[in-house]
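For this one, chain A is given, so just place chain B on it according to the hints.
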Amino acid sequence: MENLLNIAIFLPLLAAILVGIVRNEKFSKVVSLSISSVVFFIMLYLFLNFDWSAQGFQYVTKLNWIPSLGISYHVGVDGMAISLLLMTSLVFVSAFLWSLKIEDRPNLYFALFLALETACLGVFSALDLFLFYLFWEGMLIPMYFIIGLWGHDRKVYAANKFFVYTFFGSVFLLLGLASIVVYGYIMTGTISFDYTFHMAFSYPMFLQIAGFLLFGLGFAVKIPMWPVHTWLPDAHVEAPTAGSIVLAAVLLKMGTYGFVRYSLPLFPDASKYFIPLIFFLSLVAIIYTAMMAIAQTHIKRLIAYSSISHMGVVTLGTFAMDLNALNGAIYMMIAHGLSSAALFMSAGFIYDRVHSYHMDDLGGLARYVPKLAVLFMISGLAGIGFPGLAGFVAEFLVFLGTYKNFPVWAFIAGVGIVLSAAYFLYMYKRVMFEEETLSEYRLEKWKHLKDLELHHMLSFILIIASAFIMGLYPYPFVKIIEHTSRYVLGG
Amino acid sequence: MNWNAVIPELVLALGILLVFVLDLFSDKKHYRLLSVISALVPIASLISLLFVQYPARTLFDLFEVNALNLLGKAILYILTSLAIFSMHDYYEKKGSVYTELSYLPLLSTLGLSILISSVNLVLVFVSLELASIGMYVMVSLLRDDYLSKEASYKYLMIGSVGTSMLALGSVFYYASTGSFFLKEYRDENSLFLLSMFLLLSALALKASAVPYHFWTPDAYEGAPTPITGYLSSVPKVALYFLLVELLGYFYHLKQWLILVAILSILSMFYANFVAYTQRSVKRLMAYSTIAHAGYFLLGLSLADPQLQKALLFYVSLYAFASLGTFTIMSVLEKRSGFSHHILDYRGLYKDHPILASLFALFLFAFIGIPPMALFVGKLTLFMGLVNNMLLPLAIALVLASILSAGYYLRVVVSLFLQEGEKRFPPAKVSGGEALTLLLCSLLMVLLGIFPNLLYDLIKL
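Protein chains in written order, with the numbering used here: chain A, 64 to 554; chain B, 51 to 510.
Derived by calculation from the structure, the hints in this document are not laboratory data.
Here the structure is a predicted model, which is why all the values come from computation and not from measurement.
Just so it is clear, CB atoms sit at the ideal spot from N, CA and C, and this is done for glycine as well.
Just to be clear, a hint being listed does not mean it is correct.
[What the hints assert, rightly or not] If we take Cβ atoms under 8 Å as the criterion, some of the chain A residues that face chain B in the derived model are: (1) 204; (2) 226; (3) 237; (4) 238.
[To be verified] From chain A, some residues computed to sit far from chain B (all C-beta separations above 12 Å): (5) 112; (6) 222; (7) 233; (8) 234; (9) 437.
[Claimed, not checked] Quick list of simulated restraints, FRET-style, between CB atoms: (10) A:111 / B:509: 43 to 53 Å; (11) B:495 / A:249: 29 to 39 Å; (12) B:261 / A:227: 22 to 32 Å; (13) A:249 / B:503: 20 to 30 Å; (14) A:335 / B:211: 34 to 44 Å; (15) B:327 / A:216: 23 to 33 Å.
Isolated chain A, as found in the complex (with noise of 0.2 Å):
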């Protein structure tokens, strides 16, 4: 059982050597494909074996690693870290299905996304603050390489963009990182990198500050939060479908992931002292970029600008320090992760087929693909919160939890959800109905437009039906992420 964990996280990068070697296409897609569906079914099964009733983590390795700077390998997984793990996966599996047509260099485009599967995996298993920070920034080179090389137009640009910003957020966190190994050492003699060793602690409240300012910056740049925000939207823009895929449903995360996993049990009370000036971007977040994303006529960038809003749910939820807001920060997590796959998909076939992503060159699209019609409608409504559907449960468990501490904070917040059903449905309809702007010339060329192929509906299957379970039979997984929430919590 634990070493399946590590074969699951390893299994990827091994695949990618494999891809970069053998250099054949049939073969790279073949492989990235049964590679992560096996690491899908590991995690299910691990997902699914999950003690929920024991304290602590499980599936645990450590092994020793650099015993001189007191680092080890040590992985193991709480119910929030093996429900990201299992929607990572997921995700991965989707986002290979859909890249099944790529033809533009196929076999370095799938050893990077294997690469980066490994990357992501290891970030939400990682129990080592030196292991998570390799991890962390392993997925930087790959990701870069998939915006520079598969982009749209303005791709190096976004690419730049992209690795600046996010290099700049992840060396405070190495300074953070730093700074408690080092108060750890001048403390007790020892000097360690484990996770475990530094949740014992009690810091004095200057190292909290410092360390959640610190931590805070990098996790901030990654969410992104509002101020640090502007890379997402030119990433998502030039990045192509895949690529936006596991950017809006796995790298986002690892921003959030790390408030929860880092910033809250390490530095309490740093993050309760935070917590206005946290609502406060949230707020700004949610509504802000919700407005930004109504006045937007790229489809693509209205996605990432939703990203943001819905991003700020998870922030809002994350400190408003009550069981029910933080499960359902942690349930918009892997909710939101599911609905911006599909959103991203829906966004990339049309990109595939009519060669834009401007609401201006679309319009009466449901009459030519029907199908892709319905799951896109499905994929939006997920985004939006609509009952039945994961993102609500989410919703609403971060709502009820915020209002019962903070009842003008979750109000405010509340226009957020009301703002997103608007930029949705006035984007729905004019890609898809408005059939009034379908001009002759359109008319004709859009004639021949073949609907979503098997691999697409594949994909969108994965993901959708997973969001349908998640929204209506919510209970295993709310039981399964409350088992971070309430340590995390100090319960």
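Relative to chain A, chain B alone:
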């Protein structure tokens, strides 16, 4: 006289004589063979390190061996050997074969090898000069190339300023302590302070820290590229091993920290800003060296074993990364018409995916992205600074690192994400170059994942 302590240097010296004699009696066409022989000489010295009994002193106690400087020598020898291996093809292709090339690097390495064992300022002076003169000549060895001559001249002129500062510093040291031996001397009179200032300045000049950096971009750009690789790796390692030694004698001076902090902050920020304006990648890498001199000097701000361990770990790996980078550049330069203008690097990935990937690997290593080993160096340096409550310096290091990401990325962008405009004939990698590249890149990743293989060997 304890001959045992100087075995590696003896082996090196005999090797130099051997190559020298062979060179006298053979033609130019045997250059390749000669350089292979000379590349094997440091390997022999490396092996001979195993027979040295340490700690020991010899040469009237001027020369000391201990675990630390033996490690330093081992790294020097490996680097030198790799540097020589990667040279011969370049010179043949450039049609600029001078057989003295096969032993000049060895002469410099001999100087550096003695340097890190010196505990007496006279020996420091002599060995540093031995090393420097070799390097002045090597820089000028593209004799038909104007830039090469200019670089050498500039290097020589500014190098002599360094020499004089070193001499004057030693004299002041003698005047205040009554001896040329480096020893614990707690008196803080102004003469001693002045000697510290001059010695540090002289070594900072060799390490190309701002404001003594002026020779660096020109010498790096003008020198034959494999020699640039040598310049940016071998002497750097030796210098920092020496500086760590010196720190033990000067750290109690209050002004030491201030001086080191000023030098390092100036180097980091000045170089990182100026690097952005460079159009030549070779020059850009020269500025990167200056910036790294800044990072390294941070490791000397206080006497703290952890900090110095981090520094030595970092600088050793940096040397390998740097050697690797310049080896790639010299491979590319062998193609006719190639200049180091950034436009010429565009689209390299299309033609030479492996070279471009290795180049990117080294560049990412310089930024400090894991799993490349330089990241561990930066991390331990951070931790050392934070541990000693030197937070402003730690933050300066952070900011400088972020700043540097941009210009390294610009090179990565032109390698991978832009289309080339000019067409060059395909680049051929010689066996020696392949060996160098393979070893440097392997070390970069291997020591990034298992840093303790080297880190634990650094015993302070």
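Against the structure, the hints come out as follows:
1. 204: 6 Å, holds
2. 226: 6 Å, holds
3. 237: 7 Å, holds
4. 238: Hint holds; residue 238 of chain A Cβ to chain B Cβ min 5 Å, cut 8 Å.
5. 112: 30 Å, holds
6. 222: 7 Å, violated
7. 233: Residue 233 of chain A not clear of chain B: closest Cβ-Cβ about 9 Å, inside 12 Å.
8. 234: 5 Å, violated
9. 437: 38 Å, holds
10. A:111 / B:509: 43 to 53 Å: 50 Å, holds
11. B:495 / A:249: 29 to 39 Å: Since the Cβ atoms of residue 495 of chain B and residue 249 of chain A sit about 32 Å apart, the hinted range of 29 to 39 Å holds.
12. B:261 / A:227: 22 to 32 Å: 28 Å, holds
13. A:249 / B:503: 20 to 30 Å: 27 Å, holds
14. A:335 / B:211: 34 to 44 Å: 59 Å, violated
15. B:327 / A:216: 23 to 33 Å: 27 Å, holds
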